[in-house]
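A.B. asks: Residues per chain are reported as follows:
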Amino acid sequence: MTVTDAVPAAEIGQSRRRKEDARLIVGRTRWTDNITLPGMLHIAILRSPMAHARITSIDVSPALESPNVVAAFSGRDLAAEQGSLPCAWPVTPDMVTPDHPALAVDEVHFSGEAVAVVVARDRASATDALEAIEVEYEQLPVVLDMEEALADGADLVHSDKGTNRSFDWIFDAGEAGTGTSTDEAFANAEVVVKRRFVQQRLIPAFMEPRAVVCDPTGDVLTLWSSTQVPHILRLMLALTTGTPEHQVRVVAPDVGGGFGGKLQVTPEEVITFIVGKRLGRPVKYNESRSESLLAAHHGRDQIQYLEIAATRDGVVQGLKVKLLADMGAYLGLVTPGVPILGAFMFPAIYKMPAYRFECTGVFTTKAWTDAYRGAGRPEATFAIERLMDELAAELGMDPLEIREKNWIKHEEFPYTTVAGLEYDSGNYEAATAKAKELFGYDALRREQQERRDRKDPVQLGIGISTFTEMCGLAPSRVLGSLSYGAGGWENASIRMLPSGKVEVVTGSSPHGQGHETAWSQIVADQLGVPFEDVQVLHGDTAVSPRGLDTYGSRSLAVGGIAVVKAAEKVVQKARKIAAHMLEANEDDLEFTSGAFAVRGTPDAKKTIQEIALATFAAHDLPDGMEPSIDADATYDPDNFSFPHGTHLCAVEIDTETGHVGIRKYACVDDIGNVVNPLIAEGQIHGGLAQGIAQALYEEAIYDSDGNLTTGTFVDYLVPSAMDLPHFDTEHQSTPAPGNPLGVKGVGEAGTIASTPAVVNAVVDALRPFGVNDVRMPCTPERVWRALNERGSDGGDRAAEGSIAYGGAQNAPAAGGA
Amino acid sequence: MNRIHVNVDGVSYTDDVEPRQLLVYYLRDRLGKVGTVVGCDTSNCGACTVLLNGRSAKSCTVLAVQADGGEVTTIEGLAENGTLHPVQRAFHEQHGLQCGYCTPGMIMASVDLLKDNPDPSEAEVREGIEGNLCRCTGYQNIVKAVRAAAADMRQGVQQ
Ligand code: FES
Ligand code: FES
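Line by line, the protein sequences are chains U and F. For the first sequence, numbering that gives the first Met the number 0 gives the first residue as 0, with consecutive numbering after it. For the second sequence, numbering that gives the first Met the number 0 gives the first residue as 0, with consecutive numbering after it.
Everything labelled a hint here was simulated from the structure, so no lab data went into it. Please note: incorrect hints may appear among the correct ones.
According to the in silico footprint, chain U covers these stretches of chain F (three or more CB under 8 Å from chain U) [to be verified]: (1) 1–8; (2) 32–45; (3) 49–59; (4) 99–113; (5) 128–137.
Quick list of in silico lysine-lysine cross-link-like pairs, PhoX-like style, CA-CA up to 25 Å [claimed, not checked]: (6) U:K604 - U:K575; (7) U:K663 - F:K114; (8) F:K114 - F:K143; (9) U:K350 - U:K276; (10) F:K143 - U:K18; (11) U:K404 - U:K433.
Where a beta carbon is used, it is the ideal one built from N, C-alpha and C, also for glycine.
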């Protein structure tokens, strides 16, 4: 072959159109619900209409009389096999963990909990037969308010536990040696601002409802599930049901979104698994949207008590955080760990000497909470970014100025924060300058003043959020120190096929993130093979046996690096064979653009494809060398990565109706090096939509009986295209020094940053009217009430007394020295 | 059981269906047209959108018997002779999808929108696809894709 080929342009950095689109845009998809197997039966689940009740009697036998019904089970029937659903994150040694059966046995603890199943020939017959099941409940008191739940003599969610308190978890920088005494900092402070913020309960609301198929025929039980975590699910199914792990295979086919909501081992998965195993026939369960909103885990739901201490000229001296985190009725896979992840992010980008964090996990009779996009970090970022605005207002300073005064300067990286994290790199000054320009900051501030001066009924507010997040979950030793039940590494392997094509196996399990495209780009660069020649395999424990799946913005920063490491090993092995073929010394070989050439003799060349074929034939390999250049690598990061950015939001508020409209949204994100700018930008857009939705639209609401009143898409307001603005996004790249690609992570950035940007803008517009907080979501009603009821933050959305958090929650007034 | 005759993606079917059977389940469970998906039970999400007699319809709001004598185009029948519809192409080019679950419905709704308005503004696109929810993209690239497809199709007509 000729040796004059031009060096191909690097794939990394190009906006490659996605490979996975080919099947998705023509409907040739493999959603779990599309799977049909011979003799397959369908499961329908009967769910508790009560939030808290004892099951005094249950009889499923009448359902067996219905047409096409094959079997029906109550929790009592499955009690011996179903075990207790796992919580992998005991954050304290004495954490209270209630028993969590997949099908309730004696008691139900939230409305929507599964109590019985019917198995029938088709979905409709199974659903119809649910009505025949006879259940008698003895109602028990509901527990809906976290503050009340902790009071002496409070009604209990789990009476056998004697408390509604799951754990108290404390981080004190003074005690940890990463900071000074918080008490002293506050005692000496010139200014203290106190606030109580509420992080409302949200629902991940992935578009594909969860579906599970179990095929028990054959030697290995196969479970397809619309899950983010096939590998974790396999292990946990084995442990929970006592099935030998090597006899379980889990497949996540095409998965329609997750956002943390499918980072779970669900009752529905365990039920489908056990029922399939019992009946010896393939079974399928597919939830309705209402079931999904009711019984798939929720997110957020914290009450945050915050105090910040500063000097009169705005230098932050200390931060105290007290959280009540609503666990809901049970502890899911990582439920208790979610607020703890946030513990490290409250100090954010700011330098401060003192920091104390306390969190209490509280049980209530509601759906359990767990990871939702950002998981603990949006809550933390919201708190600190709102608080910086409140501090600025207290001191009469510009909110940008107070941030500049306290943030870590670009020349100070790497920087160890008061929470003990080492931030790898960043440039907050540059991102902010760029964002201001993109936003037209000065002009909008001028317009704001003009509107204020002329008492325009439509007021303008400007919100700032200068955020960072920790991505790339996670260094295994850090997870170990936080008592998490697993590591944070990721695995990849590369198979060089005889024809020169390449198979890449990854342990990350995508559900919309475009791994197939991005991983192909990485491998194309590493091995010098065409992008089109790479096939990425994932999401099946039989194909990709080792992995820790996709969440926490970890795929690229951990899983992508595992791919790089595997590729490096392939090249190392290929080098030996190339040297043999070229009769040259290994050290004299250069590997560029997919070929080994002898230095100084560029005509002597062997491509990686030629080497793959020669390895396959294995006729003439170096002595002692096995005939394979395939490789496998497991990468465990040393540190997290810390993307950051500056987000600016302008809202227009109609002070007569309380309506909030986003006038402009601009952001500059620094996510390190970017493999595929198109995909990265898409991640930012989607993240922004979800963060804005928290600020303005979404809230899971329970009534005073503990019923979810936002149980359909009519009431749970996932924004449509009409509800969201155009986003002006740009990025800058401060490469991450901790990994060979210099990448940081992008999946959660938009969500984390945008919520406080929007709420800061809302409060900024209303501050001249004496408003210093508006509860999320900032609905027209809340904004109107905040404007018209002095000292109000808008209160609850529904009529007083009818929902979980009773009455309007007034923030304590700002303190002072 | 009611007997229906319906043409789906160019193929004629005759089937006996239960009167309560929704079109979307007829397509999925009976015909194996699983490219069309279900995202909700309150007709809010638009994931199930198909063209029924040339106009977009949420197939979870239509009974199979109502499609009797009609013509249905699903996402699987949109490409002609292996050539993608301009809207499909534009969704790919503009990265108008991530997980892809909303995509079949989103594309079918957009095809219909462009029939009425061959040159929609950004605001008109947003309004036009209001009945279709996407949880992944934040809609920006979907809006871009629909407008790019519109431009493409106008070009095509002129040629
Ligand atoms: S499935 Fe949601 S609108 Fe039809
Ligand atoms: S691409 Fe996932 S819901 Fe639209």
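A.B. asks: Decide, hint by hint, whether the structure agrees.
C.D. replies: Hint check:
Requiring three or more residues with a Cβ within less than 8 Å of a Cβ of chain U, the coverage given for the segment 1–8 of chain F is violated, as only 0 such residues are present. With a cut-off of 8 Å between beta carbons, the segment 32–45 of chain F has 12 residues touching chain U; three or more are needed, and the interface restraint holds. For a cut-off of 8 Å, the count of residues in the segment 49–59 of chain F with a CB near a CB of chain U stands at 0, and the three-residue condition is violated. Counting residues of the segment 99–113 of chain F whose beta carbon lies closer than 8 Å to any beta carbon of chain U gives 6, which meets the minimum of three for the stated coverage.
Counting residues of the segment 128–137 of chain F whose CB lies closer than 8 Å to any CB of chain U gives 10, which reaches the minimum of 3, so the coverage claim holds. Only pairs whose Cα atoms come within 25 Å are accepted, and K604 (chain U) paired with K575 (chain U) is accepted, the gap being roughly 13 Å. The suggested pairing of K663 (chain U) with K114 (chain F) is violated, with an alpha-carbon distance near 31 Å, which exceeds 25 Å. The suggested pairing of K114 (chain F) with K143 (chain F) holds, with an alpha-carbon distance near 17 Å, which does not exceed 25 Å.
Of the supplied pair hints, the one linking K350 (chain U) and K276 (chain U) is violated, its CA atoms being roughly 56 Å apart against a limit of 25 Å. For the hint linking K143 (chain F) to K18 (chain U), the alpha-carbon distance of about 19 Å falls within 25 Å, and the restraint holds. In summary, the hint linking K404 (chain U) to K433 (chain U) is supported, as the alpha carbons are separated by about 18 Å, within the 25 Å threshold.
In summary, the structure is inconsistent with hints 1, 3, 7 and 9 from the numbered list given earlier, while agreeing with the others.
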